[in-house]
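> Okay, here's what each chain looks like letter by letter:
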Amino acid sequence: MKHHIEGSQAVAHTVALCRPEVMACYPISPQTHIVETLSRKVKAGEIGNCQFLNVESEFGALSVLIGASAMGARTYTATTSQGLLFMAEAVYNAAGLGLPIVMTIANRALGAPINIWNDHSDSMSMRDAGWIQLFAQDNQEAADLHIQAFRLAEELSCPVMVCMDGYILTHAYEVVDLPTQEQVDAYVPAFEPVQVLDPQDPVSIGAMVGPEAFAEVRFLAHHKHVRALEAIPRLSQAFQDIFQRRSGGLMDTYHTDNAETLLLALGSVNGTIKDAVDELRKEGWPVGSIALCAFRPFPSHALRHVVQDAKRIIVFEKDLAVGMGGIVSSDVKMALQGLPIIVDTVIAGLGGRPIPKASVIDTVKQACLEGLEEPHFLDLNWDEINRELTRQQAQRRSGPTAENLLREVGPPGTKPV
Amino acid sequence: MSYQRVKFYQTGTFTVGNRLLDESDRTVQARMDRTNSLNAGHRACQGCGEALGARYALDAVMRATRQQMVAVNATGCLEVFSSPYPESAWQIPWMHSLFGNAPAVASGVAAALRAKGRTDVRVIAQGGDGATVDIGFGCLSGMFERNDDVLYICYDNEAYMNTGVQRSGSTPPRAWTNTTQAVGTNPGNPMGIGKNLPRIAMAHGIPYVATASVADLHDLEAKVTKAMSIRGARYIHIHVPCPLGWKSDPAHTIKVARLAVESGLFPLFEAEGGEVTDRTPIRKKVSVEQYLELQGRFKHLFHPRDERALETIQAIADANIHRYQLLPLKA
Amino acid sequence: MIQIRIHGRGGQGVVTAAELLALAAFRDGKEAQAFPSFGSERTGAPVTAFCRINSQPIRSREPVYHPDVLLIQDSTLLHQVDVFAGLASSAFVLINSTRDVEALRLTDFVIQHPAVQMHTLPASDLALKHLGRPFANIGMVAGYAALTGEVSKAAVNQSITEKFPGRIGKLNGAVAAEVYDYVAANLAKV
Numbered sequence: 000m001k002h003h004i005e006g007s008q009a010v011a012h013t014v015a016l017c018r019p020e021v022m023a024c025y026p027i028s029p030q031t032h033i034v035e036t037l038s039r040k041v042k043a044g045e046i047g048n049c050q051f052l053n054v055e056s057e058f059g060a061l062s063v064l065i066g067a068s069a070m071g072a073r074t075y076t077a078t079t080s081q082g083l084l085f086m087a088e089a090v091y092n093a094a095g096l097g098l099p100i101v102m103t104i105a106n107r108a109l110g111a112p113i114n115i116w117n118d119h120s121d122s123m124s125m126r127d128a129g130w131i132q133l134f135a136q137d138n139q140e141a142a143d144l145h146i147q148a149f150r151l152a153e154e155l156s157c158p159v160m161v162c163m164d165g166y167i168l169t170h171a172y173e174v175v176d177l178p179t180q181e182q183v184d185a186y187v188p189a190f191e192p193v194q195v196l197d198p199q200d201p202v203s204i205g206a207m208v209g210p211e212a213f214a215e216v217r218f219l220a221h222h223k224h225v226r227a228l229e230a231i232p233r234l235s236q237a238f239q240d241i242f243q244r245r246s247g248g249l250m251d252t253y254h255t256d257n258a259e260t261l262l263l264a265l266g267s268v269n270g271t272i273k274d275a276v277d278e279l280r281k282e283g284w285p286v287g288s289i290a291l292c293a294f295r296p297f298p299s300h301a302l303r304h305v306v307q308d309a310k311r312i313i314v315f316e317k318d319l320a321v322g323m324g325g326i327v328s329s330d331v332k333m334a335l336q337g338l339p340i341i342v343d344t345v346i347a348g349l350g351g352r353p354i355p356k357a358s359v360i361d362t363v364k365q366a367c368l369e370g371l372e373e374p375h376f377l378d379l380n381w382d383e384i385n386r387e388l389t390r391q392q393a394q395r396r397s398g399p400t401a402e403n404l405l406r407e408v409g410p411p412g413t414k415p416v
Numbered sequence: 000m001s002y003q004r005v006k007f008y009q010t011g012t013f014t015v016g017n018r019l020l021d022e023s024d025r026t027v028q029a030r031m032d033r034t035n036s037l038n039a040g041h042r043a044c045q046g047c048g049e050a051l052g053a054r055y056a057l058d059a060v061m062r063a064t065r066q067q068m069v070a071v072n073a074t075g076c077l078e079v080f081s082s083p084y085p086e087s088a089w090q091i092p093w094m095h096s097l098f099g100n101a102p103a104v105a106s107g108v109a110a111a112l113r114a115k116g117r118t119d120v121r122v123i124a125q126g127g128d129g130a131t132v133d134i135g136f137g138c139l140s141g142m143f144e145r146n147d148d149v150l151y152i153c154y155d156n157e158a159y160m161n162t163g164v165q166r167s168g169s170t171p172p173r174a175w176t177n178t179t180q181a182v183g184t185n186p187g188n189p190m191g192i193g194k195n196l197p198r199i200a201m202a203h204g205i206p207y208v209a210t211a212s213v214a215d216l217h218d219l220e221a222k223v224t225k226a227m228s229i230r231g232a233r234y235i236h237i238h239v240p241c242p243l244g245w246k247s248d249p250a251h252t253i254k255v256a257r258l259a260v261e262s263g264l265f266p267l268f269e270a271e272g273g274e275v276t277d278r279t280p281i282r283k284k285v286s287v288e289q290y291l292e293l294q295g296r297f298k299h300l301f302h303p304r305d306e307r308a309l310e311t312i313q314a315i316a317d318a319n320i321h322r323y324q325l326l327p328l329k330a
Numbered sequence: 000m001i002q003i004r005i006h007g008r009g010g011q012g013v014v015t016a017a018e019l020l021a022l023a024a025f026r027d028g029k030e031a032q033a034f035p036s037f038g039s040e041r042t043g044a045p046v047t048a049f050c051r052i053n054s055q056p057i058r059s060r061e062p063v064y065h066p067d068v069l070l071i072q073d074s075t076l077l078h079q080v081d082v083f084a085g086l087a088s089s090a091f092v093l094i095n096s097t098r099d100v101e102a103l104r105l106t107d108f109v110i111q112h113p114a115v116q117m118h119t120l121p122a123s124d125l126a127l128k129h130l131g132r133p134f135a136n137i138g139m140v141a142g143y144a145a146l147t148g149e150v151s152k153a154a155v156n157q158s159i160t161e162k163f164p165g166r167i168g169k170l171n172g173a174v175a176a177e178v179y180d181y182v183a184a185n186l187a188k189v
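Line by line, the protein sequences are chains S, A and Y. Mapping of the first sequence onto numbering that gives the first Met the number 0: residues 0 to 416, in sequence order. Mapping of the second sequence onto numbering that gives the first Met the number 0: residues 0 to 330, in sequence order. Mapping of the third sequence onto numbering that gives the first Met the number 0: residues 0 to 189, in sequence order.
With the rest of the complex left out, here is chain S (with noise of 0.2 angstroms):
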């Protein structure tokens, strides 16, 4: 049935009626609206016997997971941003581990400085953990992401990160369609382990594994992703199946064919790139769309088939390698290995930053025509930046750069967007 419903509150009423059984949280902007939610679903008996544990911090609430999926239970968390970074440890774990627990990643930037506001850093940051990552174009698909991302861990047994961009989604009121208990009953088996901690069959987890050893592990977790490249547009189909809409799959093409420039991206910026698609095909431009879903494993074969014939694609990635550029970039590069196509790396949305329309269609125009410096910064202020830059070559002690900017630039929230 469609709802008008916040992002979070579609999020969380979709993992309660994938009748989670332990969860633990610990509190961070922008996650908060889902966890309060399930807390509440929780305490109220409506998630039959489920467990809601508050934590004493991110690391802790993965750990419980840790031990709860060991031990045969259907898991789930959401975090985000310094919070993802403080499980880090406990993130490669998991995976190493092999254990299917589901976590939302609402996707928030990574400090200093801090800042609360929207972009991919912190997902990126685990992006070789292990975790198979799966992002939202908006809050139908995040939904529903949440429901295939249970039967594709257990599947797999391994742990699936949904990320969702913070604030964009998690705190937008739009139409969600929200699916019955029947629906997600009929698509999310019983959880079966393929291991479990079991008094009747005594095993050992986690046991320290030499050089003889580590390798093939580590190759094994490899090969559980290549998998995952069969498994998930698999699960978006039969997905599709049961619940009359498309959600998920390796990535979502928009006007792909016979178009000469191709845009790339993640999360929910593709809306904003549609309507650009829309507005530069009007003016003659033959250019479409490409939202990668699946971003690990990395969908490099179907990718290569899909912008075969095309002759650039700009990738729009909101996070930054710090010293060397893209990161979706570096990957679509090594994807299309071979092929005589132009790859533009865009550093957009970096910390909330807009990405507008106008600027996604300058940003199109200025690369056919001109072509783009790489890496390429979207809208950046290079006035404040060739400030700062004189300051400091100006004294040796001059200051922290980030409180010299918001100096100039003024603090959030006083310019109207």
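Incorrect hints may appear among the rest.
Stated by the list, open to error - For lysine-lysine, the following BS3-like pairs were computed, each having C-alpha atoms within a straight-line distance of at most 25 angstroms:
#1 A:K115 with S:K42
#2 S:K40 with Y:K162
#3 A:K284 with A:K246
#4 A:K254 with A:K283
#5 S:K281 with S:K332
#6 A:K298 with A:K254
#7 A:K225 with A:K246
#8 S:K42 with Y:K152
#9 S:K281 with S:K364
#10 A:K115 with S:K40
#11 Y:K162 with Y:K128
#12 Y:K152 with Y:K128
#13 S:K310 with S:K223
#14 S:K1 with Y:K162
#15 S:K281 with S:K310
#16 A:K254 with A:K284
#17 S:K281 with S:K223
#18 S:K1 with Y:K152
As the list claims (entries may be wrong) - Take a look, some chain S residues computed to stay more than 10 angstroms from chain Y by CB distance:
#19 Q81
#20 Q194
#21 P201
#22 V202
#23 R217
#24 D256
#25 N269
#26 R390
#27 E407
Unchecked claim - Residues on chain A that point at chain S, a partial pick, calculated with CB under 7 angstroms:
#28 V27
#29 R33
#30 Q66
#31 V69
#32 Y84
#33 W89
#34 I91
#35 H95
#36 N100
#37 V104
#38 A105
#39 A114
#40 V120
Source of the hints: derived by calculation from the structure; they are not laboratory data. Where a beta carbon is used, it is the ideal one built from N, C-alpha and C, also for glycine.
We have chain S; now place chains A and Y onto it with these hints.
Using the frame of chain S, we list chains A and Y on its own:
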């Protein structure tokens, strides 16, 4: 040639047992009806107090739970020597995740059991002093504060032994470690700092806190058994000498542990709901010197003799004796 | 597509106003999106919220740069924040104030933007009467509905009941009803 029959004076006692002996010569521990959580063949050093303590503690849990138990282990010596791939010494469902998260992982196991409505299976978590008083302290405090149904056992050998003897928050004053060397004007670990975790555990008001020592395995077993009769967060802190890190004779592990107890440096007590309810009186009080001089980590206190340090350490022991009333009050 | 921008201060229910509007539009059978100008706003700090209403699904995630509708819940912002930035030439502007446009020193703006329709509404006073607290957000939403018909009064009433179940919902419904009466009596429907 005549053979002299060996007399096993430990026959029928609760000391460490050997199942290769005739049934009639075995200790209680070596009887076949006793459980065996930690198999022979693990890779602990000779005279390892932690291996001994862990085996007795977990065997007691196995008996108390009729083998319906799960153990979570922090990273550390115990984890490493018991679980080199593919040889696990554990006869119970056992899990190792990280150095600093064993209490939280155990909370998760307990939560899963609650979710599944299983009250028959119990969970314990265990770690060394580094995992407990330092890196895992936050998770441990959280587990206490939520009163999760977990027994946490700390095997305290008073330093980071797994990484080669570095100081922990549990390292005693003046002890040598590889990060508190016996050099300079104040050799060894500084005086007056560190953490007393049993008292911190008591401050959480959890149902049960106890200290135990491998010097008194019967007492250790009794405390673990009692802990398993209680629901909620429970904490047992076991003193386990480490011959490697303490530079003591592997044959002296029990002796060293006993001197720690008899000197008052490691008081044995139980506390319920934050209040001390029982203590093990010192049978024959010894000076701290007798304890310290058996350990190379305190050698610098005697060559040359550091009277002030010895007096200060004695004062710590005397304060313990007073606080926990370990000696009968003089008339 | 109608793009709405709401200005107010933290604690005034600015974000709730955007949600109510979007929910009402949804009840009218339209697509609608509401989102705040994300931030760690504290009570009293300037806050902005956005709403889009369309007959087609809404994909854009950019803030509302060129509002067709501007709701200003706190008139003290008028000369502090550039609330009129990017305003569409024929925009509808509703300001919460007991004073009129002239008293708010906006006559020049109105003259310079002849197609802009600007009204003031004593939304805080009307709320105070029923709620005992000066929450202007319900009044502003009701005023917008009554003056433009772009969302129906029935849908606004329904979304108030959904958003505020029980007594508070009834009181807020009374605020909306009073605003409808006020608009009918004092302001011409545009």
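> Hint by hint, say whether it matches the structure.
Checked hints:
Proximity of A:K115 to S:K42 is assessed by CA-CA distance (about 17 angstroms); at most 25 angstroms being required, the pair is judged to hold. Our distance criterion of 25 angstroms between C-alpha atoms is met by S:K40 and Y:K162, whose separation comes to about 18 angstroms. For the suggested pair A:K284 and A:K246, the alpha carbons sit about 24 angstroms apart, so the restraint of at most 25 angstroms is met. With a CA separation close to 14 angstroms, the supplied pair A:K254 and A:K283 stays within the 25 angstroms bound.
In summary, the hint linking S:K281 to S:K332 is not supported, as the alpha carbons are separated by about 29 angstroms, beyond the 25 angstroms threshold. At roughly 18 angstroms between alpha-carbon atoms, A:K298 and A:K254 fall within 25 angstroms of each other, so this suggested pair holds. Distance check on the hinted pair: A:K225 and A:K246 sit about 34 angstroms apart at the alpha-carbon level, beyond 25 angstroms; violated. For the proposed pair S:K42 and Y:K152, the alpha carbon gap of about 36 angstroms is over 25 angstroms, so the pair is violated.
Between the alpha carbons of S:K281 and S:K364 the distance comes to roughly 14 angstroms, so the proposed pair stays at or under 25 angstroms and holds. Taking the CA atoms of A:K115 and S:K40, the gap is near 18 angstroms; set against the 25 angstroms cutoff, the hint holds. The hinted pair formed by Y:K162 and Y:K128 meets the criterion: a straight-line CA distance of about 20 angstroms does not exceed 25 angstroms. This hinted pair checks out: Y:K152 and Y:K128 have alpha carbons roughly 20 angstroms apart, not beyond 25 angstroms.
Only pairs whose Cα atoms come within 25 angstroms are accepted, and S:K310 paired with S:K223 is rejected, the gap being roughly 33 angstroms. Of the supplied pair hints, the one linking S:K1 and Y:K162 holds, its CA atoms being roughly 16 angstroms apart against a limit of 25 angstroms. This hinted pair checks out: S:K281 and S:K310 have alpha carbons roughly 20 angstroms apart, not beyond 25 angstroms. For the proposed pair A:K254 and A:K284, the alpha carbon gap of about 14 angstroms is at most 25 angstroms, so the pair holds.
For a cut-off of 25 angstroms, the pair hint linking S:K281 to S:K223 is broken: about 43 angstroms separates their Cα positions. Using a Cα cut-off of 25 angstroms, the hinted pair S:K1 and Y:K152 holds, with the two alpha carbons roughly 21 angstroms apart. With a closest Cβ-Cβ approach of about 14 angstroms to chain Y, S:Q81 is found to remain outside the 10 angstroms limit, as its non-interface label requires. Remark: the non-interface label on S:Q194 is consistent with the geometry, its nearest Cβ contact in chain Y lying 41 angstroms away (cut-off 10 angstroms).
No Cβ of chain Y approaches the Cβ of S:P201 within 10 angstroms, the least distance being about 49 angstroms, so the stated non-interface status holds. Non-interface call for S:V202 relative to chain Y: holds, since the shortest CB-CB distance, roughly 46 angstroms, exceeds 10 angstroms. Distance check for S:R217 against chain Y: the nearest CB is about 37 angstroms away, which clears 10 angstroms, and the non-interface claim stands. The beta carbon of S:D256 is kept farther than 10 angstroms from every beta carbon of chain Y, the shortest such distance being approximately 20 angstroms.
With a closest Cβ-Cβ approach of about 8 angstroms to chain Y, S:N269 is found to fall inside the 10 angstroms limit, against its non-interface label. For S:R390, the condition that its CB be more than 10 angstroms from all CB atoms of chain Y holds, with the nearest at approximately 27 angstroms. Separation of S:E407 from chain Y is adequate, the least Cβ-Cβ distance of about 18 angstroms exceeding the 10 angstroms criterion. For A:V27, the interface hint is violated, the least distance from its beta-carbon to any beta-carbon of chain S being 24 angstroms, above 7 angstroms.
Using the Cβ-Cβ criterion of 7 angstroms, the hint placing A:R33 at the interface with chain S is not satisfied: the shortest such distance is roughly 17 angstroms. For A:Q66, the suggested interface contact is upheld, since its CB lies about 6 angstroms from the closest CB of chain S, less than 7 angstroms. Against a cut-off of 7 angstroms between C-beta atoms, the interface hint on A:V69 holds, since the closest Cβ of chain S lies about 5 angstroms away. Against a cut-off of 7 angstroms between C-beta atoms, the interface hint on A:Y84 holds, since the closest Cβ of chain S lies about 4 angstroms away.
About 5 angstroms separates the beta-carbon of A:W89 from the nearest beta-carbon of chain S, less than 7 angstroms, and the hint is met. At a threshold of 7 angstroms, the smallest CB-CB gap from A:I91 to chain S is about 5 angstroms, leaving the interface hint in force. Because the smallest distance between the Cβ of A:H95 and any Cβ of chain S comes to about 3 angstroms, under 7 angstroms, the interface hint for this residue holds. Residue-level restraint check for A:N100 holds (minimum Cβ-Cβ distance to chain S is 4 angstroms; threshold 7 angstroms).
The interface hint given for A:V104 holds, since its Cβ lies 4 angstroms from the closest Cβ of chain S, which is under the 7 angstroms cut-off. Contact between A:A105 and chain S, as hinted, is supported at the beta carbon level, the nearest pair being about 6 angstroms apart and thus within 7 angstroms. A cut of 7 angstroms between beta carbons decides the hint on A:A114: the least distance to chain S is about 4 angstroms, and the hint holds. For A:V120, the shortest C-beta to C-beta distance to chain S is roughly 6 angstroms, which falls under 7 angstroms, so the interface hint holds.
When the structure is compared with the earlier hints, violations turn up for hints 5, 7, 8, 13, 17, 25, 28 and 29 and for no others.
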